[in-house]
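Protein chains: 2
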Amino acid sequence: MKIPYCIQLFIIISIAVFIYVYSRNQHLNFGCRKTNLRSRSTIDTPVHNSDHHFTDTPLHPLDPLTIPEINKIRSILSAYEPFSSSFPSINTLSLDEPDKCQVLAWKPGDPLPPRRASVISFLDGQTHLLTVDLDLAVVTGDVVNVGSGYPMLTTEDLTTALEVLLTNLDFNKSILARGVDFNDLVCIPPSSGWFGPDEDGKRIVKVQCFSSQNTPNYYMRPIEGLRVTVDVDKREIVKITDTGRDIPIPEGTNTDYRYTTRSPFSDMTPETNPMSMEQPKGPSFTVENGHTVKWANWVFHIKPDIRAGIIISQAMIRAENGEYRSVMYKGFASELYVPYMDPDQGWYYKSYMDAGEFGLGATAMPLVELNDCPRYSYYMDGVFASADGRPFIQPNIICIFERFTGDIGWRHSEIPAMGFDIRESRPKTTLVARMVASVGNYDYIFDWEFQTDGLIRIKVGLSGMLMVKATPYENIYNISNTDDMSGPLVSENVIGVVHDHFISFHLDMDIDGPNNSFAEVNLVKEETRPGQSPRKSYLKAIRKVAKTEDDAKIKLKLYDPSEFHVFNPAKRSRLGNPTGYKIVPGGTAASLLDLDDPPQIRAAFSNNQIWVTPHNKSEEWAGGLLVSQSKGDDTLAVWSARNREIENKDIVLWYTLGFHHIPCQEDFPVMPTVSSSFELKPVNFFDRNPILNAKPIFQKDLPVCSATSSY
Amino acid sequence: MKIPYCIQLFIIISIAVFIYVYSRNQHLNFGCRKTNLRSRSTIDTPVHNSDHHFTDTPLHPLDPLTIPEINKIRSILSAYEPFSSSFPSINTLSLDEPDKCQVLAWKPGDPLPPRRASVISFLDGQTHLLTVDLDLAVVTGDVVNVGSGYPMLTTEDLTTALEVLLTNLDFNKSILARGVDFNDLVCIPPSSGWFGPDEDGKRIVKVQCFSSQNTPNYYMRPIEGLRVTVDVDKREIVKITDTGRDIPIPEGTNTDYRYTTRSPFSDMTPETNPMSMEQPKGPSFTVENGHTVKWANWVFHIKPDIRAGIIISQAMIRAENGEYRSVMYKGFASELYVPYMDPDQGWYYKSYMDAGEFGLGATAMPLVELNDCPRYSYYMDGVFASADGRPFIQPNIICIFERFTGDIGWRHSEIPAMGFDIRESRPKTTLVARMVASVGNYDYIFDWEFQTDGLIRIKVGLSGMLMVKATPYENIYNISNTDDMSGPLVSENVIGVVHDHFISFHLDMDIDGPNNSFAEVNLVKEETRPGQSPRKSYLKAIRKVAKTEDDAKIKLKLYDPSEFHVFNPAKRSRLGNPTGYKIVPGGTAASLLDLDDPPQIRAAFSNNQIWVTPHNKSEEWAGGLLVSQSKGDDTLAVWSARNREIENKDIVLWYTLGFHHIPCQEDFPVMPTVSSSFELKPVNFFDRNPILNAKPIFQKDLPVCSATSSY
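Protein sequence lines, in the order shown, are assigned to chains D and P. One gets this note's numbering by counting positions in the first sequence from 1 and adding 294 to each. One gets this note's numbering by counting positions in the second sequence from 1 and adding 294 to each.
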């Protein structure tokens, strides 16, 4: 070793190493740079609505904490006796939402219910679950976690890990042996999962490194076989292995995906003329008081959340009498589980829990105007707290836009013969709220789409980069043993490792009020009785109301199909049908891992596609509140094992949307978006088709447009 | 009976009865009105491209028969000896496509392969399957069908049935007993299915009637319990039953869905401002020679077909070297099976086969501009033959448009920290070809959507009217026996009968050439070996190539998942992966009926979701060529029972998309569109992401628009 460690450290920390903090970016981004509020001029997409964050005032019981509130909380915590000698690291700091009954009782003009914050902080090896009362200006709750799991790692933890790493002779030897210039070294700290008692009682980071030589797409250039586990509290290496020196680092050729660098590169990539959804009379939605969206017959509250990304609350739709009727009290992505399918030492632990370990809001970058979201989008900023407890703004992380796709709301044609020459068709216009979480390599596009017919579609799109594995094989002809391959070759020396994605949605449905029931409407084949009919068989819908949680643990079956209704047993349609909504799964995938495999224990919410639980404020995160290194003792499966009563109760519906991903060459070096969705759909909620009277589009409604270039 | 039959007949046939011919509309519409070519002035949507149909010349081997060609065929048939005394009824008359090798060998500028027509005609109780050679001007083939099944019914058959009906005392009594004014009587001839030997050897119609009093939406006003089976050849009633005189005809209140009549009616139906997909530089696609669509990197042939609706042929996508590579030789909807789930006498037989019994092109009405299809759509006409062999034009039945929905083609964000401040996103633009078949009550929206990344999405949307059953029950409180109910109450006295829809797509994939193989890539759970890994389990992709048809009869399983690839074993990617496409199912449903139930025997294609067969020109219609009253002796299941070899052969992929439909009040009186889709997606077909170099949208690309009203 010729290079003194101190020089390496200098090079690495101050100039060269791009430490990708894999979600806790606001720490690096703002905390480390000693700026708490990011300058607006660094954002190249226009900011539509965030000029007043410095003096924001909450106007609705569910409004997120404001900058003044976060500052006040920091003051309260600073004065809190246990933290007087040392301020803890703040892992999450967000609104402690008032009890549901308080929120439901609140009306515009009323004073807000008491504002409280939930703070998860870490100090001296202990996780504090704090409640801070903003009105009383005191810490009203401080529970030290005794269960498993840690809060998310902070920048300090990660800096520590890298310092430890870089003072390690073996690590330096490995990097030099690969011929990687330290200027090109990029290291990331994937979460370590939990795999039995070996790593218990330690907060650990498992560092993985890449070369960014000749490409910003370092994900495609892994330094394979080098894995280091660091204990960030003891500041020591727990384990270092390097089994990959004979595995080449894949070339960076053709992996750069930036438009500015690719534009001179000419190939057959198709071009189409630009298009734009134009609205001559302007968009039809408004955003009131910062977070209340009104559009067509819908009104709902929306906010960015550091962990869940988008939270939709109090979604209500207008009835024929003009009153708004409750559909959903709260809906959000609760956890996102991504198990990779490679049992090797360097890979087995990759079973990410992206919401709880990294945060879907924390990893949401500013959206790219016109490309991530169409023209006329409304952009919303995230106001979050940094690891030091100071507020910061993540601009433009949600966009809201109206959509017209050329799809049809309803239609019918009759034959233009005597009497009924009818051709009626109504266009479909929807409202979309979107956020994209860039959780390291992957980009998750979350869409909440509202239709005037009452339908809500929740769609998840996957793009970004594969998590790839380097291999000596350049092509499939020189593969000696396909058992080595945990996925297909997607480029020379690059394996696209097979993996799954499971996104669990917490859907606190309140159909016409909090107390609802869950019914499975099973389609059952009946045989006709002898002589009854020339038909031998037919289907009958058998409705069964779930009494307890066990009745509502659903695995979808193509050959034993059901509809799944959440309904209000106290509210009937004009005809006496219970008013309800059904959840309509689309394409999905199930987890096939052993139920006692550690990742599956922690992500046991993916054991079923549907669960129903009684509303419980402490049961929001399907993989647990403290997910890092958790043992799965605080999951949806654990809560629901109590088999509580769920009939005519305030219930929460959980749906897990799944994807299996066997990569292919088209996914290299950046993946075309793959998406899937599910729907919440009214079923006897309305007395008739609610868009029966919708207007057609007429020629006179359309704009007169010309190309900008002609101006 | 006070009214003489002759007067009734006059009233009914000349003025009052709207005979909905349930698909054979062109017969009624044109044949009966003694006009073979519809005047352009009767169409209120603009016609963009059909001025020259009178002199159309085929320019591509797959171009549909032209008006001059249809006229010539009629002359040839008129001179054909067996038809010299009596011209047969023409059931279908369409291009007999040249052999695939001839089509593949043909290049623009070459003379066309010989033009031939396939004609199905009916005369004196016999079905003739004729081949007509246009160049030789002779009938070169005349096979009289000896299997089961008849061609579609003609107008004459239906007129016969109604005449027979109206001379029947019991029928007249029933109508009078219901108090229905003959002016309001609407009768339709649903297909009768096949239910054993009782009805063998007869061509029968099962007539069902409605009242259109106070509403054009007569479908919501069934005259329940009155069913008449007519032998159209013997001109006699086979069976008449009326068990429903105590069942009221549901009221027409609030069933009219026409904008012009509803606009004075005020309710809370939401309004949104109009939107339009604007293209300042114009659409990016062209339609050459009437049927060849070129867009972005795609080129394909498209034509309307009387039976299949849209046929897409020779879909090819441009490779990096600029050459077009074959993806699909031919894709179309082959059959559409709709079994209703009511074993009662009046309902058991309802198990429609809409493509073969009614025709998806035959029931396609002119699209409603701006509402069925967005601005800047290109409209294509259907040129078909009437029952008398004369040509007619069905205008604007296909539209083609470019689509921008605000969705994202691919994207990735990095943290804007040192080195990699990257936020790249590419908009998604697609091309859609659409047709809507109004098969009686239901409207089926067929979309073929092409993406620049090589993906083809095939989507089916369902709208229109429910097929409902009248009941004495006004609301659910007075239902004495739910066993009577074959579906939920959707309005007073109206049951929405539970039913399914299964659409089978014929997908003749030619990945880089005709000879392809089919592989199931099964994701299998593997257990780790003791000591191998802290993980207990992982998934492994096991690829198995199908040798014979039995290997490719696939029932989808959520807990035993696979990818399904069609690939070219002779063509490899840069890395040696076989070049292929996979079929990606979305939300779907399976048929649960007994395999030996008559409707299921006839629609046995729905026994599996996926089948693969060797290409065979005579195996195009999954439910058989002659579907009316067929016994299921000519179905995909029968052909495929031979278990032929399919490895490295010219193979056809079949996919059946399914829907279960348990109606609800929102479906009354016209259904908001429900849709589902599946995808054909490249898998190692391209050497990398084919849209890596796609351009972002820039502000300068967008149009400057103003509302028309300001002009």
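Hints are supplied without guarantee of correctness; some may be wrong.
Reference listing, derived: stretches of chain P covered by chain D, where coverage requires no fewer than 3 residues with Cβ under 8 Å from a Cβ of chain D [stated by the list, open to error]: (1) 594–605; (2) 949–959.
From the structure, some residues in chain D lie toward chain P, with a derived Cβ separation under 8 Å [as the list claims (entries may be wrong)]: (3) THR461; (4) PRO574; (5) TYR642; (6) SER707; (7) GLU814; (8) ASN816; (9) LEU817; (10) PRO879; (11) ASP891; (12) PHE953; (13) VAL977; (14) ASN987.
Because the hints were derived from the structure by calculation, they are not lab data. We treat Cβ as the ideally placed atom computed from N, Cα and C, and that holds for glycine.
Verification of the supplied hints:
As drawn, the segment 594–605 of chain P meets chain D at 0 residues by the rule of a beta-carbon pair under 8 Å; below three, the given contact is violated. Only residues whose beta carbon comes within less than 8 Å of a beta carbon in chain D count, and the segment 949–959 of chain P has 4; three or more means the coverage holds. For the restraint placing D:THR461 at the interface with chain P, the shortest Cβ-Cβ distance is roughly 22 Å, beyond the 8 Å limit, so the hint is violated. The beta carbon of D:PRO574 is positioned within 8 Å of a beta carbon in chain P (closest approach about 4 Å), and the interface hint is therefore held.
With 8 Å as the threshold, the beta carbon of D:TYR642 comes within range of chain P, its nearest partner Cβ sitting at about 4 Å, so the hint holds. The restraint placing D:SER707 at the interface with chain P holds, with a minimum CB-CB distance near 4 Å, inside the 8 Å limit. Interface hint at D:GLU814: violated, since its Cβ lies 12 Å from the closest Cβ of chain P, which is beyond the 8 Å cut-off. Evaluation of the D:ASN816 hint against chain P yields a violated restraint, the C-beta minimum of about 10 Å exceeding 8 Å.
Annotation: D:LEU817 was flagged as interfacial toward chain P, and the flag holds, the nearest CB pair being 6 Å apart, inside 8 Å. Below 8 Å, beta-carbon pairs count as interface contacts, and D:PRO879 has one with chain P at about 6 Å; its hint therefore holds. Taken as an interface hint, D:ASP891 checks out: its beta carbon lies about 4 Å from the nearest beta carbon of chain P, inside 8 Å. This hint is violated: D:PHE953 has a C-beta 11 Å from the nearest C-beta of chain P, more than the 8 Å allowed.
For D:VAL977, the interface hint holds, since its Cβ comes within 8 Å of a Cβ in chain P; the closest pair sits about 4 Å apart. Interface hint at D:ASN987: satisfied, since its Cβ lies 4 Å from the closest Cβ of chain P, which is below the 8 Å cut-off.
Going through the hint list in order, the structure does not satisfy hints 1, 3, 7, 8, 12.
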